[in-house]
Amino acid sequence: MRLKENVEIVEDLSFMGKNDADDVCTTHIARPLRGAAQSRERLPCLLMVSGERTGELIPLEAAETVAGRGSRADIHLDFDSVSRLHARFVRHPNGQIDLVDLGSTNGTYVDGAPIERVTLKDGDTIGLGDVEAFRFGRYAENEKNLQHQLYLAATRDGLTDVLNRRHFMLRLRQEFQLALRTGDPLCVSMIDIDYFKQVNDRHGHATGDRVLRGVAGRIRKQLRSYDLVGRYGGEEFSLVLRHTDPEQALQVVDRVRLSVAQEPLDAPTDAEGRVEVTISVGLASLDVNHIHTPEALLELADQALYLAKQSGRNRVMCHGEQAG
1 MRLKENVEIV EDLSFMGKND ADDVCTTHIA RPLRGAAQSR ERLPCLLMVS
51 GERTGELIPL EAAETVAGRG SRADIHLDFD SVSRLHARFV RHPNGQIDLV
101 DLGSTNGTYV DGAPIERVTL KDGDTIGLGD VEAFRFGRYA ENEKNLQHQL
151 YLAATRDGLT DVLNRRHFML RLRQEFQLAL RTGDPLCVSM IDIDYFKQVN
201 DRHGHATGDR VLRGVAGRIR KQLRSYDLVG RYGGEEFSLV LRHTDPEQAL
251 QVVDRVRLSV AQEPLDAPTD AEGRVEVTIS VGLASLDVNH IHTPEALLEL
301 ADQALYLAKQ SGRNRVMCHG EQAG
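Read in this note's numbering, the sequence shown has 132 at position 132, and its numbers run on one by one without any break.
To be clear, the hints were calculated from the coordinates, so they are not data collected in a lab. Be a bit skeptical, because a hint or two may be false.
Below 25 Å or equal to it, Euclidean Cα-Cα: the simulated DSS-like pairs (lysine-lysine) are [as the list claims (entries may be wrong)]: (1) 144 x 121; (2) 309 x 197; (3) 221 x 309.
Cβ-Cβ distance ranges computed for the label pairs, FRET-style [what the hints assert, rightly or not]: (4) 74 x 264: 34 to 44 Å; (5) 295 x 64: 36 to 46 Å; (6) 306 x 251: 15 to 25 Å.
Note that CB positions come from ideal geometry on N, CA and C, so glycine has one too.
Could you put together the complete structure from these sequences and hints?
If you want it as structure tokens, here you go:
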């Protein structure tokens, strides 16, 4: 599609479609930018081309930006061949960007050639170890906004704005491998909205969509900044609780359950203005002696969810717990 100069593409995620994940639609709206100068200024950026963040655009705005596997890195890359502090991007006052290897174990590469320090040019592909990690380029503000919207469209559920199922599973696999490597505790949870079919049947799909968004919003408010939430499908959500043992995880998910149950959701209909909703929750923790895949861990959480629903709903059940 050809665009007129100085026009920004903005994705409108407010469309409310039928609440099956595959039926949620998005539209795009073109609107003028605030000024021509805004579109002419081209910002140096890194486009992620590997891993779970593929498609994300990272502006190089700071004087120095470090990429690596360690917690001190500005850009975190969880790949075995990437050193903790692998490479540094240096921005000069004139906008020039230099890439500097930080004595990494497996080397830094530009277009396949090893480097110690080099000035980047548009289109350069940057490798860290055996990972083709970034593509360097300069983007106008409208191009940067469009790339950001494309990234959101690829990773987020259009209705609830949590991670979509595909991206959630990518992140789960990453966290699972990290927990195996570090020995840190890891828990996952499956959440299902109780009697959701009755909400759709009684109030219609528009209200069902509002309920889904409302529940997703309450889940996100109760989670910590490092937890992950995704829409697994239909009225089901999934959580990854990082660095969290089963006792701590139980507190987190029960707080989520209470936040949904204690107050009706704003979901206007012809007959009433609020809808009472509860959720059932299944919880499972990583046991490295018996669980060998992230899918197996999620399956245990799903079994616990089934038990929670069979035991009366509006409750949390942990894997291995017996129905009361």
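To see whether the hints hold, each was checked on the structure:
Note on residue 144 and residue 121: the hinted pairing holds, with a Cα-Cα distance of about 17 Å set against a maximum of 25 Å. Taken as a hint, the residue 309 and residue 197 pair is honoured in the structure, with Cα atoms around 14 Å apart against an allowance of 25 Å. At most 25 Å may separate the alpha-carbon atoms for a hinted pair to count; residue 221 and residue 309 meet this at roughly 24 Å. In this structure the supplied range 34 to 44 Å holds for residue 74 paired with residue 264, their Cβ-Cβ distance being about 43 Å.
Against the hinted window of 36 to 46 Å, the Cβ-Cβ separation of residue 295 and residue 64 comes to about 40 Å, which satisfies the hint. Taken as a hint, the range 15 to 25 Å holds for the pair residue 306 and residue 251, whose Cβ atoms sit roughly 22 Å apart.
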